[in-house]
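**Q** Protein chains in written order, with our numbering: chain A, 8 to 89; chain B, 9 to 389.
Careful: at least some of the hints might be erroneous.
[Unchecked claim] Short derived list, chain B residues pointing at chain A, Cβ under 10 Å:
| no. | residue |
| --- | --- |
| 1 | F11 |
| 2 | K123 |
| 3 | S185 |
| 4 | K186 |
| 5 | G190 |
| 6 | A242 |
| 7 | N246 |
| 8 | L315 |
| 9 | Q319 |
| 10 | G323 |
| 11 | Y353 |
| 12 | A355 |
| 13 | K380 |
[To be verified] Quick list of the computed label-pair ranges, beta carbon to beta carbon:
| no. | chain 1 | residue 1 | chain 2 | residue 2 | range |
| --- | --- | --- | --- | --- | --- |
| 14 | B | S140 | A | E56 | 25 to 31 Å |
| 15 | A | K28 | B | K385 | 14 to 20 Å |
| 16 | A | F54 | B | K287 | 53 to 59 Å |
| 17 | A | E35 | B | G141 | 44 to 50 Å |
| 18 | B | I204 | A | F59 | 29 to 35 Å |
| 19 | A | D34 | B | A384 | 29 to 35 Å |
| 20 | B | G141 | A | M8 | 40 to 46 Å |
Everything labelled a hint here was simulated from the structure, so no lab data went into it.
Since we're looking at a predicted model, the values are computed, not measured.
Beta carbons are placed, not taken as given, at the ideal position from N, Cα and C, and that holds for glycine.
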Amino acid sequence: MSPLTELTEYILREIAVEHGKESLESDENLLSQGLIDSMGILKLVSFIESNFGIKVDNEDIVPENFETLNDMSRFVEKKKNK
Amino acid sequence: MNFEFTADQLELKNSAVRFAQKKLNGDIIARDKAGTFSKELWKACAEFGILSLPFSKSYGGSDCDIITTLLIMEGLGYGCKDSGLLFSINGQLWTVQMPIFHFGTPAQKTNYLSKLCSGEWIGANCMTEPSSGSDSFALSTTAKRDGDHYILNGSKTLITNAPIADLFLVFATIDKSKGFMGVTAFLVEKTFPGIIISKEIEKMGLKTSPMSEVIFEDCQVPLANRLGPEGNGATIFNEGIEWERSCMLASDVGVMERQLEECIKYAKIREQFKKPIGKFQAISHKIADMKVRLETARLILYKVAWLKQTQGRAGMEAAIAKLYLSESLIQSCLDAIQIHGGYGYTAEYEVERDLRDSISSTLYSGTSEIQKNIIAKYLGL
């Protein structure tokens with residue numbers, strides 16, 4: 008499974024469901040909708056670290072890396088290839 | 009498991025007790041009544057090394073590990089009766105110095121962390137706003153880029169140390185549409201144009217720790233004074249507040265130990281119905297409860313200190329420590345007053361001041377209800 012698919016499934020299952028969302032577009036802005044909040048990001052970072060075996064530094068938690076599913080997927084790929 | 013500390017660690021704790029008892033308690037009843045902050049005592053704490061404990065020697069710190077740091081803070085709380093002073097110190101240590109230490113550029117650390125470690129400058133964390141307390145990232149203060157500056161507009165309230173601060177760690181949003189990831193952190197000096205320190209806020213307790221509103225009216229902040237990247241402010245704030253929740257109440261474990269000893273002493277000498285009140289189970293059981301709370305609070309504190317030292321992140325454990333230690337502190341203060349009877353209600357006996365000083369512990373750094381929300385969230389609820 009690609010990082011994009013895994014991230015989409017995780018966010019739908021663990022985060023978006025609380026907001027009544029049943030599907031997500033890969034370029035959908037998750038921050039402006041409040042789908043990912045300050046507590047949700049902690050769960051998400053924990054998932055990314057354990058699932059993809061990468062370390063998410065505090066400085067990485069910025070909109071460029073978490074605004075959309077595409078941003079997250081690119082971020083994970085970049086970290087994995089480092 | 010090994011619960012022992014080294015002889016060096018215990019000596020550092022004991023030296024903090026001796027320092028506090030000798031230097032920090034003079035005229036505390038009068039200073040509490042007048043609500044007077046003592047810069048002289050602040051400087052004394054800095055000279056003793058309190059403000060520099062966990063930071064790198066490169067920036068005026070002492071390179072002390074977190075477990076030892078908290079042991080020293082516990083000793084300080086045991087010896088020092090000025091909880092307001094300790095509150096101000098803790099606020100600066102964990103939510104101003106620690107974020108600069110972890111997120112600052114070398115220049116920011118050289119310029120600011122060194123001055124905060126030495127006691128030359130005092131720092132204040134500016135997050136809370138009139139309309140955003142527990143929902144802190146719903147803040148309204150804005151930061152707009154303008155050439156080589158940001159322009160800050162908005163107001164902050166309940167800001168500890170604001171009336172005496174030289175440096176303010178300010179959180180503002182650069183883009184509301186990005187939610188909590190629009191929040192960005194700035195280091196604002198009190199001399200920057202457009203920062204106004206407003207009226208001092210009178211409080212129930214911690215009266216020697218000054219607090220006020222801070223207003224930003226087209227406040228100009230150089231680009232070099234942004235702390236961390238744009239949009240990283242929420243992470244910086246969360247990191248600082250996790251340190252605060254983990255460590256701030258270490259000094260109150262010392263307070264609880266002092267209270268326990270004073271209650272035991274009083275229960276042995278105070279006689280009613282021809283025997284010491286400690287011989288009545290109504291009193292001795294209360295003291296036993298105080299001891300159990302002290303020991304459990306201490307274990308939780310040491311556990312979170314160990315986690316912070318060895319693993320870095322400890323979000324849930326920090327919330328547990330904050331919740332349990334603050335609730336235990338208030339109950340310990342209530343028990344101490346009840347054991348002292350009518351005398352406990354008087355300023356002279358110095359028991360009532362501890363209660364007034366303790367009440368805010370379930371409010372600041374996230375209320376007890378917010379700590380329970382965090383714990384529940386970590387449990388998947």
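**Q** When the hints from earlier in the document are held up against this structure, which numbers fail?
**A** 1, 2, 8, 9, 11, 12, 13, 17 and 18
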